[in-house]
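Please model the complete structure; the sequences and the hints are all you need to start from.
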Amino acid sequence: MIPQASTYAASIDNVILLIAVLVGFWFIAAEGMFFWLIWRFRAKEGVKSEYLEGHEPHVKKWITWPHSLVLVCDVFIIIGAVQVWYNVKQRLPDDADATIRIIGQQWAWTFQHPGADNDLDTADDIFTVDDLHVEVDRTYIFQLQSRDVLHSFSVPVFRIKQDAIPGRSIMGWFEPTQTGEYDVQCVEICGIGHGVMAARIHIEDAQQHADWIRSASTGTAQ
Amino acid sequence: MAHTATAADTHHDAHAHEHHGPQGILKYLWSTDHKMIAMQYLFTGIAMGLIGAYMAYVFRMQTAFPGVNVPGFGQVSPGEYNSLITNHGTIMIFWVAMPVLVAAFGNFLIPLMIGADDMVFPRINRLSYQVFLLSAIVLIVSFFVPGGGFGGAWTAYPPLSAVAEYNQTNLGSSLWLLAVALEFVAFLLGGINFITTLMNSRAPGMRAYDIPLVCWMIVIASILFMLSVGPLIAGAVMLFFDQTLGTGFYDPARGGDPVLWQHLFWFFGHPEVYVVLLPAIGITIDVIATFARKKVFGYKLMLYTTVATGVLSFFVWAHHQFIAGIDPRMANVFTITTLLISVPIAELCFVIIATLYGGSIRLTTPMLWALAFMAEFLIGGVTGIFLGASGADIYFHDTYFVLAHFHYTFFPIAIIGTFAAFTYWFPKMFGRMMNDTLGKIHFWGTIIPFNIIFIPLFVLGIGGEHRRIYNYEHFPELAGEGMFMLRQIATVALLVMLIFQVVFFYNCYVSWKKGEKAGKNPWKANTLEWTTESPPPHGNWPEGLPNVYRGPYEYGHPDRKEDYWPQNQPS
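Chains as they are written, first to last, in my numbering: chain A, 77 to 298; chain B, 2 to 572.
Among the hints, erroneous ones may be present.
Said to hold, decoys possible - Below 25 Å or equal to it, Euclidean Cα-Cα: the simulated PhoX-like pairs (lysine-lysine) are:
1. A:K137 - B:K301
2. B:K28 - B:K514
3. B:K525 - A:K120
4. B:K301 - B:K525
5. A:K124 - B:K521
6. B:K562 - A:K120
7. B:K301 - A:K136
8. B:K518 - B:K441
9. B:K441 - A:K120
10. B:K562 - A:K124
To be verified - If the Cβ cut is set under 7 Å, some of the chain B residues that face chain A in the computed set are:
11. G80
12. A154
13. A325
14. A332
15. F351
16. Y358
17. G360
18. I362
19. A390
20. G392
21. D399
22. G465
23. H467
24. R469
25. Y471
26. D564
Claimed, not checked - One side of the interface only, derived from the structure: several residues of chain A facing chain B at Cβ under 8 Å:
27. I78
28. V99
29. Y127
30. L147
31. I153
32. S230
33. I268
Honestly, the hints are just simulated from the structure, not real lab data. The C-beta atom is built at its ideal place from N, Cα and C for all residues, glycine as well.
Here it is as structure tokens:
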């Protein structure tokens, strides 16, 4: 698996693991039974097949028990999935450190950083194209927008993904946990340039991030 | 029996009419015989399948070897790439899976298996195919118009699909939409026929629970299609207006909403999966019952489970839209419904597996295909759980994991299911047996590469590779050597699989020309189609309509010396 670089990456991976264990069990059990039956009941000279309706209790239990067990597994998966979903998508942290704006358009990402005053939509906001700068261990709320068609903001190392819809501002959040430079992908087909709509996220420590803000503010930031 | 005499007279008239009717190719295009219409659908479906396979070949070459000069195509531009993946998906679902599984086998099997001499509405049936053919032509024309074919993915999400300025395929996208709409018309016409014929034209003595499951499955699929397609047709009309008249149904700047389309599309799109899945399951269970010499393990259980699956399938659509910007609370509801549908689907699989118990299993070519359907579909089924669970879908949505997952459902359905049906009923369709050795070479030459194509794609998806990208070199994390190696393995496996299809066509040709004569019932099966000649003449029943005395799966009955008991034998 690829690196886990956000606070909730591990919880999403754990839900994937939970599902893998449960469905893996069913998969192996079903395929094992399937191939065993094919081998066990292969045609033999002089042996006639059995006549079974399927509703005799001694055979039907082979369907009803697995049936109930599948339901039980489903309940576990639902609980795991909904918990993670609630944390990642349904709530926004109260104590976010900063808000950023992410704007998709054919075929580039524009990132609006709050700048030195840490407030969005003020004069010192820093706009960049295809490079998102964030500070490690800080909680960010993002506002996701689109100028034309659907796009989708995805940072695989965070495990986050959210479609952008023109006319709406969709909120989400993340908190990076390790520094580094990673891919940002557009994962909703958005026209002929979809394949080049790549961006990078730069996760910096406090010092690097402060340096970047200073250089971007004084320099010729886009 | 007066009934029989009337039926025979009708056949005679029909024959006389045929002789004076159109000659040459028109005789085939203008026929109202359900078997001929089945052939039309089958051959058109296979031809479209070859086009879809060619598209897969071209874009897989580009994905694995970016910038390569693809033999038989040339350099692939980003626009062409998008158009190829879009039309590959559209063709394989609407012009291959639907016409072959539902229309071709529905047309061929339903009248023969329920003991009718033709469909209830033969001319509507003919019209259905003609509209379908027109839709295929419109789609093919759309590839060659200025601007090229539509490239907004088979889901056609607006605003990309609605605004020419965004998709840059003005004419291509309108023709694509028109073709899909025409295809829906064709299947509505066909579906009416399937449902009415099953309800009204069964042979004397055939009760509801004596109908072979494959017929039930095709009819339930037709009902699902009719119930789900209405909203999408309305949605398609609005999209067409947005494209051509500049209305704003999906334009937020003018009060519209792009997400509306997604709801209408997936309200149809998810039941559509079951529309093609159910006939494939029906084929599988019929073939398995025949070659395991076993009664289906719980006929009514299977039937009711299918109906339950069908009903539930209308309440799961938004699992395609978890991250699309819908209210996040909705994801919880749809996670629950989606995981609940795993219960009836698992039950269908259990019934198929349990049917093998106590059998006397013969691994003929059709049986291998039917068993392979089950073995491979299980992979598609269990990987779907990851995507139906909202928390895990945040990561997997729109990655190659999704792509591999639905190919593990659609390939077993549309390709493996079709080959199971085709090899099983080939003797009935053409009167000759297929070569079993060539059949098995083709089987292994398809199944092994199939897994080598799609297992690497699961791995790529877990590694974060997202879909519909014409060149992964632009994404540093996806451009590694290992990832390109996996892409190349998949592409080479695809080439191997395509080459092995030559064996299939060769086998069809030699078997059709020189195969051993099949006789009426080469597989010693029970259902009615095996009680008439191979191939059945016009009107199906030269000896009069059959009478039905029992269910379709009376194999291995303890009171009989033979291990089968045809439905039409009095005792």
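Checklist entry - Are K28 of chain B and K514 of chain B close enough, with their CA atoms no more than 25 Å apart? => result Holds: K28 of chain B and K514 of chain B sit about 22 Å apart, inside 25 Å.
Checklist entry - Close enough to count: is the Cβ of G360 of chain B nearer than 7 Å to one in chain A? => result Holds: closest Cβ of chain A sits about 5 Å from G360 of chain B, inside 7 Å.
Next on the checklist: Quick check on the hint: D399 of chain B CB to chain A CB, less than 7 Å?
Outcome noted: Holds - the Cβ of D399 of chain B comes within 7 Å of chain A, reaching about 4 Å at its closest.
Checklist entry - Does the interface hint hold: is F351 of chain B within less than 7 Å of chain A, judged Cβ to Cβ? => result This interface hint holds because 5 Å falls under the 7 Å limit.
Checklist entry - With 7 Å as the cut and Cβ atoms as the points, is A332 of chain B at the interface with chain A? => result Since chain A brings a Cβ to about 6 Å from A332 of chain B, closer than 7 Å, the hint holds.
Checklist entry - When you check the alpha-carbon spacing of K124 of chain A and K521 of chain B, does it fall within 25 Å? => result This hinted pair holds, its Cα atoms lying about 23 Å apart.
Item to check | Agreement of K137 of chain A and K301 of chain B with the hint, judged by alpha carbon distance not exceeding 25 Å | outcome: Holds, at about 16 Å.
Checklist entry - Close enough to count: is the Cβ of I153 of chain A nearer than 8 Å to one in chain B? => result holds (5 Å)
Item to check | Restraint status (C-alpha distance of K441 of chain B to K120 of chain A at most 25 Å) | outcome: The hint holds at about 21 Å.
Checklist entry - Is the shortest C-beta separation between I362 of chain B and chain A less than 7 Å? => result holds (5 Å)
Next on the checklist: Hinted pair, alpha-carbon criterion (25 Å max): K562 of chain B, K124 of chain A. Please report holds or violated.
Outcome noted: At roughly 9 Å apart (the allowed maximum being 25 Å), K124 of chain A and K562 of chain B satisfy the hint.
Checklist entry - Is K301 of chain B close enough to K525 of chain B, meaning Cα to Cα at most 25 Å? => result holds (24 Å)
Taken one by one, the earlier hints all hold for this structure without exception.
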